[in-house]
Amino acid sequence: MKVRIGLGIVAHFILGLMLPYVVVGSVVLLYGFMAPPTDAERTKGLIIGIIYLAFFIGVNFLTLRGLPGRQRLQLFLVQFAVFMVAAVSMFASLRWS
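Residues in the sequence shown are numbered from 1 upward in steps of one, following the UniProt record's numbering.
Listed next, with one range per pair, are the computed distances between beta-carbon atoms:
no.: 1; residue 1: 2; residue 2: 27; range: 36 to 42 angstroms
no.: 2; residue 1: 3; residue 2: 23; range: 27 to 33 angstroms
no.: 3; residue 1: 13; residue 2: 47; range: 21 to 27 angstroms
no.: 4; residue 1: 4; residue 2: 81; range: 17 to 23 angstroms
no.: 5; residue 1: 6; residue 2: 92; range: 22 to 28 angstroms
no.: 6; residue 1: 27; residue 2: 73; range: 27 to 33 angstroms
With a cut-off of at most 25 angstroms between alpha-carbon atoms, the simulated SDA-like pairs for lysine to any residue come out as follows:
no.: 7; residue 1: 2; residue 2: 58
no.: 8; residue 1: 2; residue 2: 14
no.: 9; residue 1: 2; residue 2: 67
no.: 10; residue 1: 2; residue 2: 62
no.: 11; residue 1: 2; residue 2: 73
To be clear, the hints were calculated from the coordinates, so they are not data collected in a lab.
C-beta atoms are modelled at their ideal positions from N, C-alpha and C, and glycine is treated no differently.
Full structure from sequences and hints, please.
Given below as structure tokens:
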């Protein structure tokens, strides 16, 4: 059980580090950069976003299943906090580097 919780926290940290790249890549592919996007680029951007969201939901499902309600909420908040810290630090790193 503790290994699963630890893996969930590490997975959320990694997903948080990847978030800026996924957001920027999806937005650029969906809306185009310097020119209107082609249908293939829009499809790639949508697929990238869907795969990332599926990983996020899958990690939450695998790490939180089988826990009592209150503990599930507490662990979700901890994992989400780790995710947000990683995402904000990566956005800041990309912005000011």
